[in-house]
Amino acid sequence: MITEPYVLWFLAGLVLVLLEFAAPGVIIVFIGMGAWAASLTTWLGWTPALGGQMTVFAVASLVFLLGLRNLFKDWFMGLSKSGNARETDEEFADKEVRVVTAITEDRAGKVEFKGANWNARSTITLNPGDMAVIVSRDGLLLTVRPR
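Residue numbers for the sequence shown follow the working numbering, beginning at 1 and rising by one.
FYI, nobody ran anything at the bench for these hints, they're computed from the structure.
All C-beta atoms, glycine included, are put in the ideal place defined by N, C-alpha and C.
One thing to keep in mind: the hints can contain errors.
As the list claims (entries may be wrong) - So the derived label-pair ranges between C-beta atoms look like this:
1. Thr-55 x Leu-140: 30 to 36 Å
2. Glu-90 x Met-54: 26 to 32 Å
3. Lys-114 x Thr-55: 36 to 42 Å
4. Arg-107 x Glu-4: 44 to 50 Å
5. Gly-52 x Leu-11: 18 to 24 Å
6. Ala-58 x Leu-18: 31 to 37 Å
7. Met-131 x Ala-23: 20 to 26 Å
8. Thr-125 x Ala-22: 23 to 29 Å
Produce the complete structure using the sequences and hints provided.
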């Protein structure tokens, strides 16, 4: 049962969707949805051969990524319903974060904010475990300063 192709595609899709939580960027989830599309077509018997399954996976992943990413990006990134960037920036400005990986002047690192890891940069070196304050946000990249 677990070695059936449709089960393997479903499990691969599940792993990819769950990976989105570890590496936010609103891309991996759509690749996982492509795997689920391959699982569905295989289960329905429409794509019994691996070549057909791979084609459905690739095409569905691209369609989901290109067609749905802009619709869901704001939702995944936590923008307010009004879409007002200023309101969103207020959610981030002056909030404390914990440094997860080292941040140097020439290399971005990671910080933890609201239970998720974010890419961050700083003009001052910060080490893992240091506390910092968010200065600004540019998409998924936070600019921080020492607390």
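Status of each hint after checking the structure:
Against the hinted window of 30 to 36 Å, the Cβ-Cβ separation of Thr-55 and Leu-140 comes to about 31 Å, which satisfies the hint. In this structure the hint that Glu-90 and Met-54 lie 26 to 32 Å apart at CB is violated, the actual value being about 46 Å. Lys-114 and Thr-55 have their C-beta atoms about 39 Å apart, which keeps the hinted 36 to 42 Å range intact. At roughly 45 Å, the beta-carbon separation of Arg-107 and Glu-4 lies within the given 44 to 50 Å, and the hint holds.
For the pair Gly-52 and Leu-11, the supplied restraint of 18 to 24 Å holds, since their beta-carbon distance comes to about 19 Å. Look at Ala-58 against Leu-18: about 21 Å separates their beta carbons, and that is not inside 31 to 37 Å. A C-beta distance of roughly 24 Å is found between Met-131 and Ala-23, which places it inside the suggested range of 20 to 26 Å. A beta carbon spacing of about 26 Å between Thr-125 and Ala-22 agrees with the range 23 to 29 Å that was offered as a hint.
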